[in-house]
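There are 4 protein chains.
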Amino acid sequence: MAKQSSQTKHNSIDNTGFSPNSSAEGGRLTNKDGRINLRKTGIPFYERISVYHSLLRMSQLTFTATVFAIYTTINLFFAALYYTIGVDKLAGTTPVGSFIEDFLQAFFFSSQTLTTVGYGHISPVGFITNVVASLESFMGIMSFALVTGMFYARFSRPKAYILFSSHFLIAPFKGGRALMFRVATYKNNHLTDAEALVTMAVHVQENDKTVTKFFPLTLDISRINSLALSWTLVHPIDEKSPLSDYSEQDFIDSRIELMITIKAFDDHFSNTVQQRTSYIQDEMIYGARFLPMYARSDDETYTHLMLDKIDLHEKAELPQ
Amino acid sequence: MAKQSSQTKHNSIDNTGFSPNSSAEGGRLTNKDGRINLRKTGIPFYERISVYHSLLRMSQLTFTATVFAIYTTINLFFAALYYTIGVDKLAGTTPVGSFIEDFLQAFFFSSQTLTTVGYGHISPVGFITNVVASLESFMGIMSFALVTGMFYARFSRPKAYILFSSHFLIAPFKGGRALMFRVATYKNNHLTDAEALVTMAVHVQENDKTVTKFFPLTLDISRINSLALSWTLVHPIDEKSPLSDYSEQDFIDSRIELMITIKAFDDHFSNTVQQRTSYIQDEMIYGARFLPMYARSDDETYTHLMLDKIDLHEKAELPQ
Amino acid sequence: MAKQSSQTKHNSIDNTGFSPNSSAEGGRLTNKDGRINLRKTGIPFYERISVYHSLLRMSQLTFTATVFAIYTTINLFFAALYYTIGVDKLAGTTPVGSFIEDFLQAFFFSSQTLTTVGYGHISPVGFITNVVASLESFMGIMSFALVTGMFYARFSRPKAYILFSSHFLIAPFKGGRALMFRVATYKNNHLTDAEALVTMAVHVQENDKTVTKFFPLTLDISRINSLALSWTLVHPIDEKSPLSDYSEQDFIDSRIELMITIKAFDDHFSNTVQQRTSYIQDEMIYGARFLPMYARSDDETYTHLMLDKIDLHEKAELPQ
Amino acid sequence: MAKQSSQTKHNSIDNTGFSPNSSAEGGRLTNKDGRINLRKTGIPFYERISVYHSLLRMSQLTFTATVFAIYTTINLFFAALYYTIGVDKLAGTTPVGSFIEDFLQAFFFSSQTLTTVGYGHISPVGFITNVVASLESFMGIMSFALVTGMFYARFSRPKAYILFSSHFLIAPFKGGRALMFRVATYKNNHLTDAEALVTMAVHVQENDKTVTKFFPLTLDISRINSLALSWTLVHPIDEKSPLSDYSEQDFIDSRIELMITIKAFDDHFSNTVQQRTSYIQDEMIYGARFLPMYARSDDETYTHLMLDKIDLHEKAELPQ
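Same order as they appear, the protein sequences are chains A, B, C and D. My numbering puts the first sequence at residues 1 to 320. My numbering puts the second sequence at residues 1 to 320. My numbering puts the third sequence at residues 1 to 320. My numbering puts the fourth sequence at residues 1 to 320.
No lab work stands behind these hints: they were computed from the structure. Heads up, some of the hints might be wrong.
Copies of the same chain are indistinguishable here, so a pair counts whether it falls within one copy or spans any two.
Said to hold, decoys possible - With a straight-line Cα cutoff of 30 Å, these simulated DSBU-like cross-link-like pairs (lysine-lysine) come out:
1) Lys174 with Lys240
2) Lys315 with Lys209
3) Lys263 with Lys240
4) Lys40 with Lys315
5) Lys174 with Lys209
6) Lys263 with Lys159
7) Lys40 with Lys309
8) Lys209 with Lys263
9) Lys309 with Lys209
10) Lys315 with Lys159
11) Lys159 with Lys89
12) Lys89 with Lys209
13) Lys159 with Lys209
14) Lys309 with Lys174
15) Lys309 with Lys89
16) Lys315 with Lys240
17) Lys159 with Lys240
18) Lys89 with Lys174
19) Lys40 with Lys89
20) Lys263 with Lys32
21) Lys40 with Lys240
Being a predicted model, the structure only gives us computed values, none of them experimental.
Model the full assembly from the supplied sequences, consistent with the hints where possible.
Here is the structure:
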């Protein structure tokens, strides 16, 4: 458990949206990817799921596979319908009596209808077949309208594309210590007006009960005009910090979690984007400082940002 | 009618957008679903309706039915055109003289043209039929362009997905009383920077006239960083509250309405979302407190939020 | 010209984006529909036009006509190509030697290709025809992709749908006078957090030159939580007002222009919307007050907003 | 190198997102088009690229060419598949044995399938060909869904369309000097609530090392209600300015860079738009003033903004 003294000197906050009741919480509060470590129950699954949010979060592979699976399922459904009505109602096919071959002909007609390619070498005959084909092509267009929308939604979803250093450091800073971590944008995007918010959750003993206390960690610079190069976020561990009394051992023994939110304006999306992550005490390196991750290019015409060096640090002596 | 004394001690506000003239208002001001209880007249229906807003609010069933009805209507319209021009102008059909059968052939050709499936076993012959078919396929593509847009608009519309407790409670709070209600997000969405605004409308007698007065209800915490778990909103009924003098009977006799707006930032939409609702005095439980609706999961690796317990409360003694 | 005394007592502002040089300005500064009364030259037309902005502003009729005209033009272009290549390269057609009939066959094939309906009773033969047909169907799909986007953009464009009273009034207010006008939303939209900004431009003589001075007109209430009913905007003409010394005749003789911006948050668009308009002195009614434009419904269950009464007013005596 | 005295009197800022370490930077910090002069390495190319951002930035020509190249590639791929399966499996074609002609037939069938035009004079025969054709038409629809989304994204991307003067001037201003540049919107868009932020980077000698210092340049008016006409941005070079001690020669000898961001609200996009640019000392004209770029129209009914005069200036005497 973390040292109590520094915790009581400082005011904890209760507007984090998390509960001070440690016994109600399991695991870390926020996952590395920024999602709250939480499951919801009590209402039916389909009411609990925002299809939109799910589709946005899916990997591209899962998304494509999902769309393909739905396409095949609809195809099979309509093929079964045509087969039931009778393959003889599909002009251009020759019913051979074999289930597989007849079904396949129905399936191929179905797929030509669903995609509206409609070659016409197979064509519907009679009232029912025509109605089903008409419905299928309508449904095809509707589905592809939906898929177009989903593709666009996934594609155009504003994202921050921020890379975080794997660890946070306790580094020397202005004769004292500071908690530091580093971020950079890793795509060809450009963020302006970037703002960072760091909240620390600490599990402490209070009257024989473990409670979670929340402290805002003030940053040396919490807002920058442009997230152009890398940005090292610095929380000075001075007397105003809830970590001021922590020795190296205190840090190691503590159960803390840093919850980080970075909000910025993306030029190209013309939208505010936000990314969250968290660090726990196991992701700390005590006594280290970050080394620069950018340099002048060889031809001196531009600046070179090396993203693989975001974790680059060296050991550093800390004042006791 | 509610007690007058507390109403006059406190300053009412006049920037709610609602009228202080009770005799001009009918029923509650804001419906449970957050819509203003209002009808507009005086300009033609089509000018008064934003098709976009209507389509966004429709249920998925109504929307699909609407699209299908329009599809069928256009189909029927063009089928009638082809029938009028003459089914003999559709190569591949055999005019049988029966209205129904001939019309059906025209209808199926029409639907194959509208969806651009165009099998070709029926094809247009002659100038007029070709022109109509050309127009229909153009119109088909235009309509489906529109429908694609609508689907996407409905699909991607930023929504808050906030669940409100069915009742508000008058609960014990720091030795006194407080008005409380509870919210939680019920989907796999995540809201940050959530802010709540509560305005109370009270109908009171003033010089023999019933007037509506509006009071802001200050919240103990009105803004949280993350709407992660449930959030209990607390208005302390202290001497600064316009409800400070209300006895249980005053609450029951009163005609009050709480109008609530919650605004937050949705990570995935990267947009501000907002949800409104209202409570009236009949939706109050006097002397009760909420019980927790979340707990540590059995395997202690995450927190479990039980949405069906949002109304869970127990009776509680209130100070007099 | 307006009275000078009141103009000089008050500080004019210079951050309106308009010029104080009256001789450089023609007509009113802002049109009734909120557009700046301005034309731009000096760079080529196509660089000066944002196709997107133009398409958003077009009426639905103009838009549909534009799309149809482009569709027909592309069709004609490709028909000419097929005709030039030779109608004998379109299997299923019978070249009759008549220009019109042969061209029509090429045109119909073209439209079947562009819309991808592709019946197939006419089909391309030979290398060149096939290449052209392939390009045309590709182009068809690209164009309809574009049109889909445009439809959606027009459709989903956030608009405020605010109705303004035709006139502004000089009305009695708290024993003095006030400048008033009235707004209401006229669609099934709902605006929250509405804010109004009123700037007055006055053309005054200064050292034998006509200059335009700009004054902010402070409003009694400039921000409301919800634009639910109608909203009467009130600028009190007290000693702090630049209009304080204006007699009825001064108003009539003056050359003033009120430029109004209303900004609000739309629940369904989840977006900030903005609408602008302007009033000039000819749109003033001196000595009048607005009458209510809403009432309780007959069955007392809702409030009824009568949009055709937005201009409803009665004569009113003004203090001198 | 610039004069040191003025640099030390004023506080530099360190929240620009750029580095004070001049030796790590190459060339200018911000390019004329507002992009940071920076390259990123260290993670694989495909992780470093946001396809969305790239597609948004492409010229229309590059974009169309890219789409066409992808279309042709997919076509060739499927044509090769059909050719490998055998042209005899495409009913309606006559295998002639010549590679080119057979491949072309496969290619044309492929393109008719991909665009879903599906004339049907060529149609798939047998299981494998049908499956491939079914996949191709599915893929066609998916691709065109994607392209529709991209078209819309490019089309609807909020842009500021702001024109900057080519140079900044040192001009006479209120008996002293001021740094000025000029902007105007050049399209039929309208910006409100425009705000400008100017940061100056100066490379100075400090302890034998070249460091980059950043200073905010305060503007006489930094925010205007409406970017209606042109807007001349004015930084007064008074005692509060970090440029106060600069003589003409100092300006010429200095290595400064002005980084400019203009943020505004676009009425039609209903969105905040932002544009950036930079000026370096070589883009300065010392001793000049801007001449008006707008005038009353000949018929006196509107104001005329001449965009080709944005750089129009005359020589002007400066106080020493």
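Taking the hints in turn, this is what the structure says about them:
In this homomeric assembly, lysine 174 and lysine 240 come within 30 Å of each other (Cα to Cα) both inside a single copy, at 15 Å, and across copies, at 29 Å. Taking the closest pair of Cα atoms, lysine 315 and lysine 209 come within 30 Å of each other only across two copies (25 Å); inside a single copy the shortest separation is 38 Å, beyond that limit. With identical chains, the CA atoms of lysine 263 and lysine 240 are at most 30 Å apart within one copy only, with a shortest distance of 25 Å there and 32 Å across copies. Taking the closest pair of Cα atoms, lysine 40 and lysine 315 come within 30 Å of each other only across two copies (26 Å); inside a single copy the shortest separation is 43 Å, beyond that limit.
Taking identical chains as interchangeable, the C-alpha atoms of lysine 174 and lysine 209 lie at most 30 Å apart only when they sit on different chains, with a minimum of 21 Å there against 38 Å within one chain. In this assembly of identical chains, lysine 263 and lysine 159 lie within 30 Å of each other by CA distance both inside one copy and across copies; the values are 10 Å within and 20 Å between. In the homo-oligomer, the alpha carbons of lysine 40 and lysine 309 lie at most 30 Å apart only across protomers (11 Å), although the nearest pairing inside one protomer, at 39 Å, exceeds that limit. Taking the shortest Cα distances, lysine 209 and lysine 263 never come within 30 Å of each other, neither inside one copy (35 Å) nor across copies (34 Å).
In this homomeric assembly, lysine 309 and lysine 209 come within 30 Å of each other (Cα to Cα) only across copies, at 25 Å, whereas the closest approach inside a single copy is 42 Å. Taking identical chains as interchangeable, the C-alpha atoms of lysine 315 and lysine 159 are never at most 30 Å apart, the minima being 34 Å within one chain and 46 Å between chains. For the identical chains of this complex, lysine 159 and lysine 89 are neighbours neither inside a copy (51 Å) nor across copies (47 Å), given an alpha-carbon limit of 30 Å. In this homomeric assembly, lysine 89 and lysine 209 never come within 30 Å of each other (Cα to Cα): the closest approach is 75 Å inside a single copy and 77 Å across copies.
Taking identical chains as interchangeable, the C-alpha atoms of lysine 159 and lysine 209 are never at most 30 Å apart, the minima being 40 Å within one chain and 39 Å between chains. In the homo-oligomer, the alpha carbons of lysine 309 and lysine 174 lie at most 30 Å apart inside one protomer (24 Å), although the nearest pairing across protomers, at 51 Å, exceeds that limit. In this homomeric assembly, lysine 309 and lysine 89 never come within 30 Å of each other (Cα to Cα): the closest approach is 67 Å inside a single copy and 56 Å across copies. For the homomeric pair lysine 315 and lysine 240, the shortest alpha-carbon distance inside one copy (26 Å) is at most 30 Å, but the shortest distance between copies (42 Å) is not.
For the identical chains of this complex, lysine 159 and lysine 240 are neighbours neither inside a copy (34 Å) nor across copies (40 Å), given an alpha-carbon limit of 30 Å. In the homo-oligomer, the alpha carbons of lysine 89 and lysine 174 never lie at most 30 Å apart, since the shortest distance is 85 Å inside one protomer and 78 Å across protomers. Taking CA atoms no more than 30 Å apart as the test, lysine 40 paired with lysine 89 passes in neither setting, with 50 Å inside one copy and 54 Å between copies. For a Cα distance limit of 30 Å, the shortest separation of lysine 263 from lysine 32 qualifies both inside one copy, at 17 Å, and across copies, at 26 Å.
For a Cα distance limit of 30 Å, the shortest separation of lysine 40 from lysine 240 qualifies neither inside one copy, at 38 Å, nor across copies, at 37 Å.
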